[in-house]
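Visitor: Note that the protein sequences, when read in sequence, are chains A and B. Numbers 43 to 300, taken from the working numbering, label the letters of the first sequence in order. Numbers 43 to 300, taken from the working numbering, label the letters of the second sequence in order.
In case anyone wonders, no lab produced these hints; they're calculated from the structure. Any given hint could turn out to be false.
Copies of the same chain look alike in the list, so a pair counts if it fits in one copy or across any two.
[Said to hold, decoys possible] Using 30 Å as the maximum straight-line C-alpha spacing, the simulated DSBU-like pairs for lysine-lysine come out as follows:
| hint | residue 1 | residue 2 |
| --- | --- | --- |
| 1 | Lys162 | Lys276 |
| 2 | Lys231 | Lys158 |
| 3 | Lys158 | Lys276 |
| 4 | Lys287 | Lys222 |
| 5 | Lys222 | Lys205 |
Protein chains: 2
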Amino acid sequence: MFLAKAILEGADRGLGEALGGLLGGGGGGGGGRGGGGQRRGGGGHIGGIIGGIVNFISEAAAVQYTPEPPPPQQLHFTAVEASESEEVRRFRQQFAQLAGPDMEVGATDLMNILNKILSKHKDLKTEGFSLETCRSIVSLMDSDTTGKLGFEEFKYFWNNIKKWQCVFKQYDPGHTGSLKGSQLHGALKAAGFQLNEQLYLMIVRRYADEDGAMDFNNFISCLVRLDAMFRAFKALDRDADGLIKVSIREWLQLTMYS
Amino acid sequence: MFLAKAILEGADRGLGEALGGLLGGGGGGGGGRGGGGQRRGGGGHIGGIIGGIVNFISEAAAVQYTPEPPPPQQLHFTAVEASESEEVRRFRQQFAQLAGPDMEVGATDLMNILNKILSKHKDLKTEGFSLETCRSIVSLMDSDTTGKLGFEEFKYFWNNIKKWQCVFKQYDPGHTGSLKGSQLHGALKAAGFQLNEQLYLMIVRRYADEDGAMDFNNFISCLVRLDAMFRAFKALDRDADGLIKVSIREWLQLTMYS
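Using the sequences and the hints, build the whole thing.
Guide: Written as structure tokens, this is what we have:
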């Protein structure tokens with residue numbers, strides 16, 4: 043449950059309550075350290091398969107992910123459902139503190155929230171979330187294209203980031219602050235993403251450093267995008283045949299607002 | 043001509059030669075200040091048209107752009123064509139200085155190059171290019187998916203950035219360091235991008251600040267992506283019917299490696 047407990051060490055009480063549960067649940071425990079070295083070789087154009095032995099999922103069952111149910115249509119913030127649980131109600135109140143008068147969280151707000159949380163997690167070694175990254179996250183999560191995140195959009199993102207920080211910590215039992223090689227592959231899989239070799243390599247190239255190590259903010263940035271792009275595809279693939287047809291206008295809206 | 047002259051004020055000679063022409067050509071001169079206020083209202087889902095009077099290009103002729111010819115297949119760096127002009131040969135040599143032993147420019151190299159240039163341009167008010175932005179630029183320009191930019195890829199990017207910095211300066215005659223409203227719309231058009239209202243608003247939401255003002259590094263970041271996404275669509279639209287069909291794998295490769 044995402045409001046399990048506020049264990050934000052040393053954080054001021056208000057923020058700790060507001061973001062309760064980010065440190066709760068999971069974390070630590072067994073890792074997924076298997077064999078397999080870091081693959082960086084080759085590359086491939088769209089439609090091509092990287093030559094060589096493919097140890098990962100074959101092309102036929104290549105890419106899968108089952109996202110959380112999408113954020114529902116945004117009701118006005120003050121519309122409180124009678125059946126809403128106490129935890130959700132409390133989260134809603136705390137969201138109000140974070141979001142300010144317009145009841146929406148923009149990129150700068152998000153950056154401040156995330157970096158405040160991160161400063162309390164010495165084991166999540168990272169340079170922190172940049173404004174550019176947060177702008178991208180907001181765009182990807184911004185279903186109703188207001189330019190900021192309303193309660194439901196923020197809640198969806200928050201649930202995911204809690205889940206993914208648990209996965210990150212699970213696959214980094216040594217608290218190095220980054221994932222590489224089979225740790226990274228295991229973490230992506232544990233987060234629910236089944237990817238083929240080519241896509242995995244592209245992700246490493248884009249989000250990991252030159253040694254193939256991915257730190258926490260890049261991990262989150264990557265997963266937010268993966269989640270959003272899987273959901274976008276699923277929404278467009280109305281006949282579920284694994285193919286979508288898009289116009290230039292739709293293509294640009296999807297790719298530019300991200 | 044992109045090696046018009048090295049006018050990098052105060053830059054060390056090597057870098058000035060290496061990046062010759064960035065300040066040359068265009069700049070200054072008449073602006074495109076027309077009427078029209080900043081539009082931020084509304085939003086729209088894919089397939090929807092923002093309600094209200096549409097003063098921009100109608101949906102029917104909505105989105106167009108004719109990119110520069112794409113970078114050719116990368117020959118080995120040392121392959122020098124007999125017909126290559128002196129300027130290109132000189133740029134190639136200077137690229138070698140910038141790129142280092144692997145003859146490829148990575149995100150960190152790119153960030154250093156761009157910010158060194160920017161530090162000499164007091165009229166391009168910007169916080170500078172972040173590593174995150176440069177990683178995105180490299181991915182978007184990286185046709186052969188090596189993770190870095192070879193000579194031809196870099197040359198393509200460099201030609202564009204020279205053109206676009208001229209446009210930026212042309213539409214910011216007051217040297218405010220940012221573009222907004224009709225300045226921004228005019229600059230996008232002058233750069234060759236014909237966009238519809240909805241797409242324009244999304245771009246402002248994603249790349250401009252809360253006042254709708256877009257600074258230089260966000261302008262470049264936006265145009266690099268626009269250029270790349272137009273080119274990707276064109277490459278996939280083999281029958282030129284304005285529609286493309288993509289699988290989940292292709293979709294993710296295109297959207298994640300950007």
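Visitor: With reference to the structure, classify each hint as holding or not holding.
Guide: Here is how each hint holds up against the structure:
1. Lys162 - Lys276: neither (37 Å within a copy, 47 Å between copies)
2. Lys231 - Lys158: Answer is within: at 28 Å inside a copy they meet the 30 Å cutoff, but 40 Å across does not.
3. Lys158 - Lys276: neither (34 Å within a copy, 43 Å between copies)
4. Lys287 - Lys222: neither (35 Å within a copy, 34 Å between copies)
5. Lys222 - Lys205: For Lys222 and Lys205, only the intra-copy Cα distance (19 Å) is at most 30 Å; the inter-copy one is 39 Å.
When held up to the earlier numbered hints, the structure conflicts with 1, 3, 4 and fits the remainder.
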